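Trainee: Each chain, letter by letter, is given below.
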Amino acid sequence: MSSDHAQESGLPQELTEEQRDCYQEIANIAMGQAAALLSRLLGVFIKLPIPRVNLFELADLNMALQSLDHDEAASAVCQGFAGDGITGEALIIFNDSNFEDIAQLMNYSGEQSEAMHVELLMDVANILIGAFLKGLANQMDLTFSHGHPMVLGQHKLVRDLLQPSRQPWQQTLAIEITYSLEDHPVNCDLLLLFTEDSIRIMNQKVAYLLDD
Amino acid sequence: MPTSVLICDDSSLARKQMARALPRQWEVDISYATNGEEALAAIKAGQADVLFLDLTMPVMDGYEVLEHIRREDLPTVVIVVSGDVQPEAVARARSLGALEFIKKPIDPDKTLAALTQYGLL
Numbered sequence: 001m002s003s004d005h006a007q008e009s010g011l012p013q014e015l016t017e018e019q020r021d022c023y024q025e026i027a028n029i030a031m032g033q034a035a036a037l038l039s040r041l042l043g044v045f046i047k048l049p050i051p052r053v054n055l056f057e058l059a060d061l062n063m064a065l066q067s068l069d070h071d072e073a074a075s076a077v078c079q080g081f082a083g084d085g086i087t088g089e090a091l092i093i094f095n096d097s098n099f100e101d102i103a104q105l106m107n108y109s110g111e112q113s114e115a116m117h118v119e120l121l122m123d124v125a126n127i128l129i130g131a132f133l134k135g136l137a138n139q140m141d142l143t144f145s146h147g148h149p150m151v152l153g154q155h156k157l158v159r160d161l162l163q164p165s166r167q168p169w170q171q172t173l174a175i176e177i178t179y180s181l182e183d184h185p186v187n188c189d190l191l192l193l194f195t196e197d198s199i200r201i202m203n204q205k206v207a208y209l210l211d212d
Numbered sequence: 001m002p003t004s005v006l007i008c009d010d011s012s013l014a015r016k017q018m019a020r021a022l023p024r025q026w027e028v029d030i031s032y033a034t035n036g037e038e039a040l041a042a043i044k045a046g047q048a049d050v051l052f053l054d055l056t057m058p059v060m061d062g063y064e065v066l067e068h069i070r071r072e073d074l075p076t077v078v079i080v081v082s083g084d085v086q087p088e089a090v091a092r093a094r095s096l097g098a099l100e101f102i103k104k105p106i107d108p109d110k111t112l113a114a115l116t117q118y119g120l121l
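Note that the protein sequences, when read in sequence, are chains G and Z. The UniProt record's numbering puts the first residue of the first sequence at 1, with every later residue one more than the last. The UniProt record's numbering puts the first residue of the second sequence at 1, with every later residue one more than the last.
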């Protein structure tokens with residue numbers, strides 16, 4: 001059903017190699033700008049990956065995303081954004097085993113508590129999501145306004161945190177980035193999901209960049 | 001004689017943007033590499049009087065390329081062009097022998113300024 005739907009609306013089933021490359025490079029630059037801020041906050045060098053870009057049916061979310069493919073308990077924050085016909089959700093996914101290291105690096109003192117974990121999550125989410133979206137918007141000549149960040153869930157398996165059935169759209173463009181801290185066992189996933197209706201407009205923006 | 005320029009980046013968009021950012025008046029022969037291994041082979045083949053080098057790449061990243069160039073004393077001048085703008089990334093690239101570090105997205109004016117500053121034009 002869902003792939004029929006995508007065909008009816010004239011959406012591409014796949015990205016061309018050129019489009020994927022372009023999204024990857026845009027994400028690469030935005031990711032670096034976000035990493036520079038986080039590394040200053042934590043005083044640690046951040047190892048940057050090659051961003052993963054995928055177009056898939058939202059129903060396949062659990063299979064399509066590497067960030068969701070681990071069995072550790074995690075916590076997540078999500079933040080919606082919209083502008084110039086583009087709508088999406090940004091998520092920060094944090095393994096629960098990260099909290100102690102991050103708390104230390106951010107000079108949080110005192111007992112580890114739920115309240116502290118939420119504060120840490122929100123701090124990291126604000127920095128990474130804010131800087132990434134700004135970098136992305138600048139490069140694609142877009143303006144986004146942001147919703148309030150919300151805790152999506154805590155101490156659960158990531159695949160249970162994300163509930164694709166709640167989303168009204170079918171196809172999604174996803175950008176996945178795993179930030180790792182050098183010399184610390186800390187990983188944090190930044191995940192961006194763009195709605196079906198956004199994909200065509202984004203592909204147009206990307207076409208300008210390729211033609212320039 | 002034209003200067004041989006090697007542009008090493010895993011992204012074809014980035015390679016294209018880099019080539020377009022080179023000064024028009026500069027007489028160059030441009031070659032391309034998509035990862036560090038290809039870059040090293042091209043340097044050894046004499047295709048890189050000047051190397052524009054990305055840091056984050058598959059197979060072999062920019063830091064490893066810089067290490068090889070230093071260890072094997074390869075004849076090339078390296079300008080790093082990267083989206084990794086952490087101060088530590090800049091410091092590491094420079095300490096490994098990069099002459100200059102230019103932030104992505106690449107800016108033709110900064111490229112011109114760097115080339116002029118180091119007498120490469």
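Hints should not be assumed to be uniformly reliable.
Said to hold, decoys possible - With beta-carbon atoms standing in for the labels, derived distance ranges:
#1 G:N126 <-> Z:R70: 50 to 58 Å
#2 Z:T116 <-> G:A115: 34 to 42 Å
#3 Z:D107 <-> G:A82: 53 to 61 Å
#4 G:T16 <-> Z:P23: 25 to 33 Å
#5 Z:L74 <-> G:P185: 30 to 38 Å
Read the hints as simulated data drawn from the structure, not as lab findings. Keep in mind the model is a prediction, meaning the values are calculated, not measured. Even glycine gets a Cβ: it sits at the ideal position worked out from N, Cα and C.
Trainee: Work down the list of hints and note, for each, if the structure agrees.
Mentor: These are the hints, each one checked on the structure:
1. G:N126 <-> Z:R70: 50 to 58 Å: violated, 40 Å
2. Z:T116 <-> G:A115: 34 to 42 Å: violated, 55 Å
3. Z:D107 <-> G:A82: 53 to 61 Å: Since D107 (chain Z) and A82 (chain G) have Cβ atoms about 29 Å apart, the given range 53 to 61 Å is violated.
4. G:T16 <-> Z:P23: 25 to 33 Å: holds, 31 Å
5. Z:L74 <-> G:P185: 30 to 38 Å: Holds: the Cβ-Cβ distance is about 36 Å, inside 30 to 38 Å.
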